[in-house]
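Peer 1: Those protein sequence lines, which keep their order, are chains A and B. Our numbering applies: residue -9 is where the first sequence begins, and numbers increase by one. Our numbering applies: residue -9 is where the second sequence begins, and numbers increase by one.
A couple of the hints might just be wrong.
Where chains are identical, the list cannot tell them apart; a pair therefore holds if satisfied intra-copy or between any two copies.
Unchecked claim - Here are the simulated lysine-lysine pairs, DSSO-like style, with alpha carbons at most 30 Å apart:
| hint | residue 1 | residue 2 |
| --- | --- | --- |
| 1 | K297 | K282 |
| 2 | K297 | K211 |
| 3 | K211 | K66 |
| 4 | K187 | K231 |
What the hints contain is simulated information worked out from the structure, not anything from laboratory work.
Protein chains: 2
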Amino acid sequence: MSKINSSIQMVKAFAPATCANVAVGFDILGFAFAALGDFVTLTKRDDSQIIIESIHSKETLPFVAHKNTASLVVQKFCQHVNLDIGFSIHIQKGIPLCSGMGGSAASAVAALVACNHFLTSPLSNNELAHLALFGEQEASGEAHADNIVPCLFGGFTLIQSHTPMDIVTLPVPDLYCVLLHPHLQIATRDARAALKKEITLADYVRQSANLASFIASLYEKDYQLMQKSMQDLIIEPQRAKFIPEFYSIKEAALQAGALGMSLSGSGPALFAFARRIEEAEAIASVMGAILKKKNIDFDCWISPISKQAAHVVHEERKL
Amino acid sequence: MSKINSSIQMVKAFAPATCANVAVGFDILGFAFAALGDFVTLTKRDDSQIIIESIHSKETLPFVAHKNTASLVVQKFCQHVNLDIGFSIHIQKGIPLCSGMGGSAASAVAALVACNHFLTSPLSNNELAHLALFGEQEASGEAHADNIVPCLFGGFTLIQSHTPMDIVTLPVPDLYCVLLHPHLQIATRDARAALKKEITLADYVRQSANLASFIASLYEKDYQLMQKSMQDLIIEPQRAKFIPEFYSIKEAALQAGALGMSLSGSGPALFAFARRIEEAEAIASVMGAILKKKNIDFDCWISPISKQAAHVVHEERKL
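The shape of chain A in the complex, shown without the other chains:
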C-alpha cells in the first residue's frame, strides 16, 4: 500500500495543452503542445480538507471542490489510494477554457501528477488516466481520454482501448505545430451533439486509409504521405461551421505550406503542422489575417511537437 512521503510539503506540476483527434484520429489520437499549459500546486494541510485557494485564470472557474476538475481528481486520488490527507490547491491556468486545447484535462492531470509525487509508490500513468477521466466527465459530460492521454504521456499518443486503458506511444514527428485559438465559444457538449451518429461505409473506408497512412507517415517520417493523409472526411465537415471562414483559413494554411490543418479537439482552436519554423510563422500569419478581417480576436502559439509530458516542476520539503 502506498504511503505519503512525509517530508514533502508542496508540489507544483505542469501539464501541457493537447490537441485531440489530429484530423484523422477522432477520439483516439492526440499530441502534447508543451509551449502552453496549466500549473497546479498542492500544499499539504494540517486537516483533511481539499480546498482551492486560488485560481489564476482569465476566465471564471468553479471554486467548489467537486465541480473543479483539479480538485475533483485530487479527491478521487485520495479515495483511490486510501489517504486521509488535505491539500490546498493553487491553479494557474495557461490554457483558455473551452478552447479545444485540453484545458480541463491539463488541470486534472497537473493536479494528479502533483498528488502522485507525494506518494512513496506512485501510481502508473494508466491509473492516473483513469482518475483524470472523472474530471473530463465533469467538464464535458463524457469521460473522454483523448486529451488526458497525450497530456500524461507526452508526444503523440493513440488510445488502443479505453477499457482496459491501452495506450500506444507513437513516434514524435520532427515538425512544428501552429496552435491558433480564435476567441469563439464552443462547448465540447455542443460540438459532440453536432455529430451524426452514423457514417457511410464508403467514408469509413476512405477515412481508414487516411488514418492508417498517417500512422505509417509518423513511423516513416514521410511528411509527403502525412500531407496526403491529413484529411478528415467524417468529423471536420460537421464541425467546420463553428468557425467562420474555416475553409478559407485551411486553404490559406495549406497554401503557406502546412502539412495539414484542422480543429484541435472539438475546436475552436485550430492546429497546423509545418516542416520549418519559418513556414510555421507564415502559416500562423495567413491564418490570423483571415480572422482579423472578420474581427475575431485570437491567440497563437508555435512550438515544435515535443515528447514532454506533464511533470513536476517544483517541490518543497520539510528540513
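Using the hints, position chain B against chain A.
Peer 2: For chain B alone, kept in the frame of chain A given last:
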C-alpha cells in the same frame, strides 16, 4: 514510347495469393501469401490475336478473351502501350476461384507482369495496378485494388488512395500465416451485398483504434499489440454467417495461439497469424478439425509472410 524487346519469345510469371482486409483494414490492407499462386505464360504470336491456349485449373474458367481476367488485362495492356502484338496465353491456376485469396487478381497480375517483361521500358507497378483493375471489374463487378496491390508489390500493403493510386508498403511482420480454404462457395458480389451501407460512429471509433494500433504493431514488431488490435467490429460480424462454425473456428485458433483470425478478403478462406511454425501447425489443425466435424472439405497452407511480389520466373529468347 515503349517498344517490344524483339528477342524475347516467351515469358512465364508468377503472382501470389493475397489476403485482403486483414481484419482491420477493409478495402485498404492486404498481404501476399507467396506459398500459393497462379502462373501465366505468354508466348508471342505471329498474328495480333490474344488467345487463351490452355487453362490448368480445378475449376472451369472462361476461355473467351474478354471474359478471362488474364487475357482481358493483356488486351488492355496492349491498348495502353499501343502495341500491335499477339500472345498465346497459358494459365496455371494455383489459387482456387472465389476463395477470397485473390485468384482473379493473381491471374491478371501474372499476365501483366509477363506482358511488361516484353517491353524495353516497362510500366510502373502503379500503372500495372490500374490495368489489373479491369480484371477485377470483370471478375467481381467492382474495381477493387485490395488484392491487386499486395500481389504486385508483395509483403504488406496499404492503399492510401485509389485515384490517384497511392500505395504504402508496410513492414512485413516476422510471422507465419495459416491460410485455410473451406470448400464453400461465396461470390464476392454476394459478400459485398451482405454489408450494411452505414456504420455507427461508436463502432467507427473503436475500429479506427484497432486499425491504427495494428499499423503501429507492424512498425514496432509488437505482436501483443497486434493481437489486441486484430478485431473487426464492422465487416466480420456481417460475413461470419457465410462460414459454418466461424466463431468456433476463430476461438479454437486463438486458443491455439493465433494472434488473430479472420476472413481472407470476403472469404470463405480464413487466415490466421502465428509467431512460430509449430503454433501455425497447431492452429491449422484445430481449425481443420472443426470443419471436418461439419463434413466440410478444405485445403490448408502455411507459410511465412513474405516480401515476395509477383515476378517473372522464366523467359525464352530467340538466339
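Peer 1: So, for every hint listed, does it hold in this structure?
Peer 2: Hint by hint, here is what the structure shows:
Proximity of K297 to K282 under the C-alpha cut-off of 30 Å is found in neither arrangement, the shortest distances being 32 Å within a copy and 53 Å between copies. For the identical chains of this complex, K297 and K211 are neighbours both inside a copy (16 Å) and across copies (22 Å), given an alpha-carbon limit of 30 Å. Proximity of K211 to K66 under the C-alpha cut-off of 30 Å is found in neither arrangement, the shortest distances being 40 Å within a copy and 37 Å between copies. In this homomeric assembly, K187 and K231 come within 30 Å of each other (Cα to Cα) both inside a single copy, at 18 Å, and across copies, at 26 Å.
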